[in-house]
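Number of protein chains: 2
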Amino acid sequence: MNYPKKISFFEVGPRDGLQNEPVFIPTDKKVELIKMLTQAGCERIEVTSFVHPKWVPQMKDAKEVFDRIGQKEGVTYSALIPNLKGLERALDIGVKEVVTIMSSSESHNQKNVNRTIKESLREIEEINKIAATHGVKVRSYIATAFGCPMEGDIPVEKVAEIAMALEESGSYEVSLGDTTGMADPIKAYNIPKYILAKVKKASVAVHYHRCRGIELANNLASLQAGITVFDGAAGGLGGCPYAPGATGNTATEVLVEMFARMGIETGIDLAAIRKCGEYAKTLSTLSCET
Amino acid sequence: MNYPKKISFFEVGPRDGLQNEPVFIPTDKKVELIKMLTQAGCERIEVTSFVHPKWVPQMKDAKEVFDRIGQKEGVTYSALIPNLKGLERALDIGVKEVVTIMSSSESHNQKNVNRTIKESLREIEEINKIAATHGVKVRSYIATAFGCPMEGDIPVEKVAEIAMALEESGSYEVSLGDTTGMADPIKAYNIPKYILAKVKKASVAVHYHRCRGIELANNLASLQAGITVFDGAAGGLGGCPYAPGATGNTATEVLVEMFARMGIETGIDLAAIRKCGEYAKTLSTLSCET
Chain V
98 MNYPKKISFF EVGPRDGLQN EPVFIPTDKK VELIKMLTQA GCERIEVTSF
148 VHPKWVPQMK DAKEVFDRIG QKEGVTYSAL IPNLKGLERA LDIGVKEVVT
198 IMSSSESHNQ KNVNRTIKES LREIEEINKI AATHGVKVRS YIATAFGCPM
248 EGDIPVEKVA EIAMALEESG SYEVSLGDTT GMADPIKAYN IPKYILAKVK
298 KASVAVHYHR CRGIELANNL ASLQAGITVF DGAAGGLGGC PYAPGATGNT
348 ATEVLVEMFA RMGIETGIDL AAIRKCGEYA KTLSTLSCET
Chain B
98 MNYPKKISFF EVGPRDGLQN EPVFIPTDKK VELIKMLTQA GCERIEVTSF
148 VHPKWVPQMK DAKEVFDRIG QKEGVTYSAL IPNLKGLERA LDIGVKEVVT
198 IMSSSESHNQ KNVNRTIKES LREIEEINKI AATHGVKVRS YIATAFGCPM
248 EGDIPVEKVA EIAMALEESG SYEVSLGDTT GMADPIKAYN IPKYILAKVK
298 KASVAVHYHR CRGIELANNL ASLQAGITVF DGAAGGLGGC PYAPGATGNT
348 ATEVLVEMFA RMGIETGIDL AAIRKCGEYA KTLSTLSCET
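Which chain is which? The protein sequence lines are V and B, in order. Just so we're aligned: 130 in our numbering is position 33 of the first sequence, and the numbers increase by one with no gaps anywhere. Just so we're aligned: 362 in our numbering is position 265 of the second sequence, and the numbers increase by one with no gaps anywhere.
Keep in mind that the hints were calculated from the coordinates and are not lab data. Keep in mind the model is a prediction, meaning the values are calculated, not measured. It is possible that part of the hints are untrue.
Pairs count within a copy or across copies, as identical chains cannot be separated in the list.
[Unchecked claim] Calculated cross-link-like contacts (lysine-lysine; reagent style BS3-like; alpha-carbon spacing at most 27 Å):
1) 182 <-> 297
2) 290 <-> 255
3) 103 <-> 290
4) 102 <-> 290
5) 234 <-> 297
6) 372 <-> 298
7) 169 <-> 255
Whenever a hint applies, use it, and build me the whole structure from the sequences.
Below you can see the structure in the form of structure tokens.
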């Protein structure tokens, strides 16, 4: 087995980890978590989401969060945007990186963002165009890449088509999401390997949700397939109280520990990220069990 | 990646899972767990330990457990024996398979079984001789094979020497134990691979303890190395209230789920083994968190 010497993380705890919390978490506490993550060595942090508060009330303080985190040089603080409207809000306050989301499953995309896949791709193309004129980078999630609770397996060719279209539009990185924790080490190897061979120069990340520890094996299999960018949420936060299938994210601190044991550099301090995980769990009312 | 079509399990829940429980678990409940495991399709179950009740009071009902489980044909119900005395007790009641334990770390072996490695090997040789005359099979654990909390890494050559000596003595299977959950996917690949190349015909199993999910990645790496026998405890039971480093075993139901997702046969029914896991957890006062 050949493993890379160094990999990198994309921390999603403050956004994907907290977005479904049913009780509003004070901005102070979100800011504290983001500062702790920065201190621990996280260089890419998805800090919030510019989504309508009607849909995700937890993220209604997106602007305040950005105003108060005191951005550290060399660290990218990004925000999820569900649409062009979200991009506008992000541009207004000078966000340097935005993250788009769409599904590779037609029915999941419809349910999640109320668009067809074609419509989503068109909108993300537009987002890329506008973002580029402002020097803003675009990262793009492809949800349900390892299976959809409604449609089952999504043909890898379809996932690849979307990845290529996103790259063509200007997204510098695509993140393959295992939205409901359905992956296994065979899919977690084959799908990223296929996508890596199809995109030209875009970076490919993986984003596994938890399934009682199987997510660690999935991350390992993707590492073996050549993936070097991993999404995680401190504390394994995430999940959704209204969607029984939705589990938390891969716990960043556990993935950092696994890589550290393997002698793979992550740039993240294990003791410090564990503290982030503990703090993140105190903010969460969702079960961190898988 | 080439994976085998079929693997097998060695269930250690009733013994390794429960042995350190501080409050005595009624024999009825142990028997119930063993019957449930049998029903779920487990074909090899380590049901108890013939160890002096002074050392492991939880296993003082070893004979009663054997008397009451109503052994199903085709299923092997084995017992851990710490020494020749344990073998005598096991033979007295007609146990068909016994399991020995020693460490590959000199200091851990001294602490755990109060013997040098040489003394342990000599005693296991004697156990094998006597067991053979009774047609009883011997399985042998090698603890701390992936690292020792006192000595750190154990040279793989030393682990291999012990494995070869055990095979030479007559043990038909050696199980490499990650006693305190220190392994990582690189060790979990390299060490079993090395041992598999050194033994002649003995079967080699892996026995990972939990480390927040990393054990799933470790089991996967060993599968990739050619291992096809996996130890697990329903519910992930195990650990020790007096040894902070000691974590529970790999949860059988999670490993079964991972293999099932990969299309690898285990012979175990996923829904039924999950119920075993839930029941096992109700017996445990130790935290099943890792």
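Going through the hints against the structure:
| no. | hint | in the structure |
| --- | --- | --- |
| 1 | 182 <-> 297 | neither (29 Å within a copy, 67 Å between copies) |
| 2 | 290 <-> 255 | within (14 Å within a copy, 37 Å between copies) |
| 3 | 103 <-> 290 | both (18 Å within a copy, 25 Å between copies) |
| 4 | 102 <-> 290 | both (19 Å within a copy, 22 Å between copies) |
| 5 | 234 <-> 297 | within (17 Å within a copy, 57 Å between copies) |
| 6 | 372 <-> 298 | neither (35 Å within a copy, 47 Å between copies) |
| 7 | 169 <-> 255 | neither (38 Å within a copy, 49 Å between copies) |
Checked against the numbered hints given earlier, this structure breaks hints 1, 6 and 7; the rest are met.
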